[in-house]
Structures are given as C-alpha cells and as structure tokens.
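Spelled out from the first residue to the last, the chains are:
2 protein chains.
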Amino acid sequence: MKRTLIKDIQAGKQVKIAGFVENLRNKSAMQFIVLRDITGKIQITVEKAKLPEIAKIIDSVTVESVLTVTGTAVKNDYVKLGGLEIIPDTIEVDSVSEAVLPIDKESGLDLRLDYRWLDLRDPAKAQIFKVQTALERYLVDWLTDHGFIKIHTPKITAISSEGGSEVFEIKNYFGTSAYLTQSPQLYKQMSMMAGFDRTFEIGECYRAESSFTSRHATEFTALDVEISHIDNHHDVMDIEEQLLTATFTKLHEQFGDLVAAPNVKFPRLTLQEVYRILREEKHYEMPKAALGDIDPDGERLIGEYAKEKYGSDFVFITDYPHAARAFYTMGDRSFDLIYKGVEITSGAQREHHYEQLKQNIIDKGIDPKHMQEYLEFFRYGAPTHGGFAIGLARLIARMLDLPTVKESCFIFRGPTRLKP
Amino acid sequence: MKRTLIKDIQAGKQVKIAGFVENLRNKSAMQFIVLRDITGKIQITVEKAKLPEIAKIIDSVTVESVLTVTGTAVKNDYVKLGGLEIIPDTIEVDSVSEAVLPIDKESGLDLRLDYRWLDLRDPAKAQIFKVQTALERYLVDWLTDHGFIKIHTPKITAISSEGGSEVFEIKNYFGTSAYLTQSPQLYKQMSMMAGFDRTFEIGECYRAESSFTSRHATEFTALDVEISHIDNHHDVMDIEEQLLTATFTKLHEQFGDLVAAPNVKFPRLTLQEVYRILREEKHYEMPKAALGDIDPDGERLIGEYAKEKYGSDFVFITDYPHAARAFYTMGDRSFDLIYKGVEITSGAQREHHYEQLKQNIIDKGIDPKHMQEYLEFFRYGAPTHGGFAIGLARLIARMLDLPTVKESCFIFRGPTRLKP
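In order, the protein sequences belong to chains A and B. Just so we're aligned, residue 1 is where the first sequence starts under this note's numbering, counting upward by one. Just so we're aligned, residue 1001 is where the second sequence starts under this note's numbering, counting upward by one.
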C-alpha cells in the first residue's frame, strides 16, 4: 500500500501513514495518538477492547517514536485536527524513542542547537526550510530564465587572501598551502573573463572570524551573482531588484502573508544622503569609527526611514568611498542593500583594468605577489563587470523576523559551535 | 542604449553589442572583426576611408580584447555568420588583451587548466556549463515539486571519519579539531531524524585521496537525496529513476540530440546476476580483488549489456554484500547506478536502529566513541530512510562524452591541481 501524506487524508479512505508520535494519551478504555509528518498531524484512536493487539503495541511506544499505521480515516467532529481520526488496522513501530527527551519548549538556544534535529521537529521551524527551499527555487528559475549560467567555484584555493580577513587553512593538502575561500568573489570574476557573461552560484563561504553576533557564522551559504558589460553599479542594482521582486512575489503567492511582496521600487540613496537623513530626520549622529560605512543602529534607522517615506522594506545605499571597500571595487561604484533595517547584500562594479587593480591591491597593503594568480585573469581581455552576494540565512532571518541566523541555518557553525 | 545579445540581432536594427574579439583581419582598405558573446558571433565590417576614427581604434586592438560596439545590422549574403554584419557607429575598447595568448587549440590539458578562463572561452566548453545549469534547474524543480526540502549541511565538522577514508583537516578552527566533510551523508541522515521526510542538497564534497583517474577530484559537487518511510532500497531507486528520467527528458527537449532522453525503465540486476552475465555473456572473469564490487572494466561491460539487451543507458546494480559497503548501510539493501558504463551513484537503505548501527561501526573497526555525535541522532525516534548521491561532474562528463571530469568541472581540484 502506498503511503499517504497526512495533509492528503480523506474521510472514508483506507490509508497508510507514517510519522512521529507527537502526543500519546493512554486511558483505561481508549488510546489516542497524535501522529505528525512533515505535512500535518492526525489523531489515531484505539478502543482497547476492540483492538487488544494494537493496544498492546501502543503500550510499548513513547512520545517521538516513529510509527507506520494503516487504517481508515473517519469523520469525527469532536476531533480538533481537521475533524478526522484514523481507526487503525495495523501499527508498525519503526523506532522507539528514549522516554526522556533532552530538550523541551523551554530549553535555551544553545541546548536546542546541541539537539538541532529534535529542535527542528517543531513544524514552525521546518517551515523556515520550506520557505528557503522555495526561495532558492525561485531565485534559480529567474536567473536561469534570464540567461545566467550556474557555476561551482572551488572552495579550496592557493590564494590566501582576498582583502586581509582571516581564512581557514587546510593542514594536509598534499604538502602544499591551501585555504578555504571566504567567498566565490575571485572565481566568479574569473567566470566573467571566461566570457560566461552572467553567472551565479549558491555555495558555502568560510570566515575564520571570532564574531558572536546574531548575523555572523563561520560557514554560511550565499547567493553570488556577477554580470558582464555593465555601465556602472546601477545596472547591478537593477538586476538584484528585479530578481528579489520576482522571487518575493512568488513567495508571497505561495506562503501568503508570511512573506510580503515588494510593491514599490527600491529607493537608492547615496551614503552621503543617508548621513544627512540620519542626522536631520532621525537625529542620529554616526559614530566616527563607522564613517565610510554605517553601523547597525544606522542601518535600522535608515530601514525605518525607507519604510516610512517610500513604503519599502528595501533600500540601496550607494557610492561608498573606495577606501572603505574591498580592493576589487571600481572607485565608489559600490552599494549595500538594507532589508528591514539589516544589510543583506554588498555589491559593486569591479575594477577590470589590470594596472589599476594591481594598484588597488598595493594601496590596501597587500603584496601583489600573493594575488598574482588572480591578477592574471585580467591580462587577456576583461569585460566590464559587477555583482553582488546575499547571505541566505541572513535574508531568511529578516524575512521571517527570526532573532538570529542560528535559527535560519540548518546547522549553525560559529567559533564555539561545531556540534552537531 | 540597451545591449543586444548577438543571437537576437535583426537586420536593419540599430544595436549595441559587446564581447570578445574572436578574429581580426586588418586589410589595406577594410577591417573585419568577428565579435563573440555567450550567445553567438557576428562580423563587424569597417571601410577605412569611410570611418577613419573607428579604423584607428581597431588598429590598437588585439585578438581577445573586449569591445562595446554600436551600429547597424545589415544583411550581407557573403558573410558566413548568419548573413549579417554590423556597420559600426562607435567602438569602445573595454580592455586590450596581451598580443600573445598563453594557450591555443593545440595546448595540452594541463596548460589549458592553468589558464582555465581562456580555455572556457571556446563556445563548445561554455556549452557544458549551459547544460549543467539546465540540469540543476530541472533536478531542483522536480525535487521541489515532489515535496523535497533543500538543506545546506555544514562542510566543517568535528566528526573525523565516516568510514575510514582520508579527510582534510582544518589547521586553525579556534583551537579545536575540525575537518571537511567527505559528503553530506551524516547530516542528511540527521535531516530525516528532524522529520523533514525528503531532503536534498547540491553541495561540495572533499576527499583527501591521492587519486589521479579521469573520474576523481579532491573537491566536487554532488546532488544528495534522502527520503524517509521506505520499505527498502527499491523505493530509493524508484525516486532516482523518476528524477533522472524527468530531468533528462527536459534536457533533451532543450538541447536536442546532445542529451538522449531515457525511454525505457532502468533495468535492475543484483550483483550476483551481474557476475553471471559478465562471465557467461561477456566472457569476463572479475578479478578477485574486485569481488564484492565491480571494477571499471566490469562497469563498462555491464553498461554495454544493458544497452544491447534493454536499450538502456542506465542500469542499477543492487544487493552488494554488506561488508563491501559503508557502515550506515542496512544489510545488503544497497545499489549503484551505472550510466554509459560508469558508476555515477551509490545508494542504499540506511540502518536506522541505534544498536545495530553501533555494531556496524564496531564491525568496520571504527571506535564508536568517534561516531557518538552521529549515533545520538538515532536515539529519539528514527524513521526508516535511504538515499543516494550523484557526482555532477561525473554525470555531465558521461552525458556529453567528455574524456575526464577535469573538462566538466568549472575549476578542477586534484592532489597536484590547486590552480587557478
């Protein structure tokens, strides 16, 4: 007999269902099990006198055990879960859970992360990953429909640095020095030199940074996009805006109010305009240390402003001073995208002239010898190009108003978090 | 003016195009450039006397330089490339290539890989990645439409081994031991314990193996699939067969004869049947060392047999002895999928009983203490489950009859290959 998903059960039908025991009430004459699969929950009702064999099986079962049940779906208006219950013919115990679970609804985040697979049995948490699955599918569909080629750049590289931040080193790469890439940046630029014109990647990034914020991880998944033959960074923002608008609209169609569809153009404000707005409209003076960028409070306030003034959850901040950005940026042709008050993207037009790029590297205090392999990409014809990256866990956390990326990563990795 | 892709140029229209100089003929009265973008090639024709300014610009240009050109598309039956040429109004030189290129059509594989971005400018090679892009899109669409949740498992782990093969170790993970995962195996099983029911991942795998074959890499991208609530490994094969049949059919619709659509069921032969067929029909005696598995010659011959007897490019080999498979396999409920004579998948039902799994680990000579974190997944309810993995570069290499995965990886990584 073919398995039926719980959401598809219809009254009067014979079904085979399978899932976890959500709840178990063993009364003197009756037994009630709530069984949960990824699509829903249903009550299984056993009259002990009528089904003594099955009653005995249920006696051996604990909460969170896994069962496969055949039986008949029956209408019962007293049952909360869709007004349906299953009267079983057979119950097979696939696996018995230990009686005491190590976490419950009151457990703190750290303990919940230790037992992440139990934490994720909460349907509200599984929902996060249903949204993520749909998000990625719509991103890929839009990009593929618009002529983008998907690439998988290597995460193991001999290039030790792309701007001075800390990298993880591999201990045993066949006697040579090898590192984990911090992003696909250098190799997605290479795909432009390969003439691929428009490329994207959904892949892992590695940062050996000792950050303990709600938005940082040592390993995270990013969507990286790069396009050739652009006039400036506004062409890149156009693509990102179209991509996100199309994707969020599809998500809104699928998930309703859980995901708001953007219905206005994303405002674009230069960093200088943002400073003025924060000062004059929000009475917020940016700390000196943050000048050239904006700090989290500034992000939050400019997000607020964009919502009040333009009705937009999104706002581009453009034209950061070159000194504040990575060496591969072309002048001040850069931008960040703020979504609900948090930065989710950095993007820019890239420097494609060999000599200027080399000078940028020297200006950042990096020895160009360490970047020679990368510089080679630009010697045999290089199109104008630019792109952006979006951290998916950060995007989802904002979209669903989660307090931290630890809740939107399937399994979070941080400086003190390697488990499970 | 908006850029037009070369494939979309129509006679009589004003266009702006951009791309690489494929070919350049500078005659006494005329100049001819063939410009190439990711969609095609077009000739640009300059009568020097009529366009002296543009002629001067072209004098400064080398092959593989990048140009942006505006002009009029004109019908000319003498021109090979679609019977069209561009009479330019303006030419902008985005970047000049060095005059001597480090590789040409005669260069060996190793040198071509050193300059992979130049190697990939060959449209036949870019085509590989257009096929890969479509392949992944169709895989993701089918899986998403069939209720699969996409996960991103961590590639950095504290679990050092999943069966004794060599792993890369990270040198500087905040003072603790950390490794790169060889596959998402352990964590995709965890997603089953999370109740996600059906999951997939497209992600990187890392193998610290000193292999120098046409099918191995130290870093590669795999599609991993895992499903819950199965009766046995045939349920897993059913999913893989449906997935590949749907995907290849879509690819055939898009790329024509480049990708053959499967039009028969994939035959399923037990390993014992395969041994008998090889011996009796192919007069091939498997070397003793390969017993419990089949060797590359055996794979080739059984692929041949499946094509002759069933008209199928695919053949499942099932029921490998448990001792020949990884510890997480349930008994002999395992399979490989051979495609055009090469193994592209391993799959199986997994052992989901804690005690048996622990015994399997001990039987493989692994200290269960090292696997305790993984074993924990199975203590609080575990559904029956199974899955498979497909190496994408290996699949594409077979699909397009490429001699090695070095040609189907965007950038190949091997024991002696970290460049570029």
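There could be a bad hint or two in this list.
Computed, partial: chain B to chain A, Cβ under 8 Å [as the list claims (entries may be wrong)]:
1. Lys1041
2. Asp1094
3. Glu1098
4. Trp1117
5. Lys1150
6. Thr1157
7. Asp1197
8. Cys1205
9. Ser1211
10. Arg1215
11. Thr1221
12. His1229
13. Pro1420
Lysine to any residue pairs mimicking SDA-like chemistry, simulated, CA-CA at most 20 Å apart [to be verified]:
14. Lys1002/B <-> Asn172/A
15. Lys1050/B <-> Glu1092/B
16. Lys1130/B <-> Glu136/A
17. Lys1007/B <-> Val1034/B
18. Lys1041/B <-> Glu136/A
19. Lys358/A <-> Ser160/A
20. Lys171/A <-> Glu1209/B
21. Lys369/A <-> Lys1419/B
22. Lys1007/B <-> Arg198/A
23. Lys1016/B <-> Asp235/A
These aren't lab readings, by the way, just hints derived from the structure by calculation. Heads up, the beta-carbon is just placed ideally off N, CA and C, and yes, glycines get one too.
Structure-based check of all given hints:
The beta carbon of Lys1041/B is not positioned within 8 Å of any beta carbon in chain A (closest approach about 11 Å), and the interface hint is therefore violated. Look at Asp1094/B: its Cβ gets to within about 5 Å of chain A, closer than 8 Å, so that hint holds up. For Glu1098/B, the interface hint holds, the least distance from its beta-carbon to any beta-carbon of chain A being 5 Å, beneath 8 Å. About 4 Å separates the beta-carbon of Trp1117/B from the nearest beta-carbon of chain A, less than 8 Å, and the hint is met.
Interface restraint check: Lys1150/B against chain A, minimum CB-CB distance 4 Å, threshold 8 Å, status holds. Evaluation of the Thr1157/B hint against chain A yields a held restraint, the C-beta minimum of about 7 Å falling below 8 Å. Checking Asp1197/B against chain A by beta carbon gives a least distance of about 4 Å; that is within 8 Å, so the hint holds. The interface hint given for Cys1205/B is violated, since its Cβ lies 11 Å from the closest Cβ of chain A, which is over the 8 Å cut-off.
Interface restraint check for Ser1211/B: the shortest CB-CB distance to chain A comes to about 11 Å, outside 8 Å, so the restraint is violated. Because the beta carbon of Arg1215/B sits about 17 Å from the nearest beta carbon in chain A, more than 8 Å, this interface hint is broken. For Thr1221/B, the suggested interface contact is upheld, since its CB lies about 5 Å from the closest CB of chain A, less than 8 Å. Among the interface hints, the one on His1229/B holds; its C-beta lies about 4 Å from the nearest C-beta in chain A, closer than the 8 Å criterion.
The criterion of a C-beta within 8 Å of any C-beta in chain A is met by Pro1420/B, whose closest approach is roughly 5 Å, and the hint holds. Between Lys1002/B and Asn172/A, the direct Cα distance comes to roughly 50 Å. Violation of the 20 Å bound is thereby established for this hinted pair. Taken as a hint, the Lys1050/B and Glu1092/B pair is honoured in the structure, with Cα atoms around 18 Å apart against an allowance of 20 Å. At roughly 19 Å between alpha-carbon atoms, Lys1130/B and Glu136/A fall within 20 Å of each other, so this suggested pair holds.
Taking the CA atoms of Lys1007/B and Val1034/B, the gap is about 14 Å. The hint holds against a cut of 20 Å. A distance of roughly 33 Å separates the Cα atoms of Lys1041/B and Glu136/A; the hinted pair therefore is violated under the 20 Å criterion. Only pairs whose Cα atoms come within 20 Å are accepted, and Lys358/A paired with Ser160/A is accepted, the gap being roughly 16 Å. Pair hint Lys171/A plus Glu1209/B holds up; C-alpha atoms about 14 Å apart against a cutoff of 20 Å.
The straight-line distance between the Cα atoms of Lys369/A and Lys1419/B is roughly 15 Å, inside the 20 Å bound, and the hint therefore holds. Using a Cα cut-off of 20 Å, the hinted pair Lys1007/B and Arg198/A holds, with the two alpha carbons roughly 15 Å apart. Annotation: proposed proximity of Lys1016/B to Asp235/A holds, straight-line Cα distance about 15 Å (limit 20 Å).
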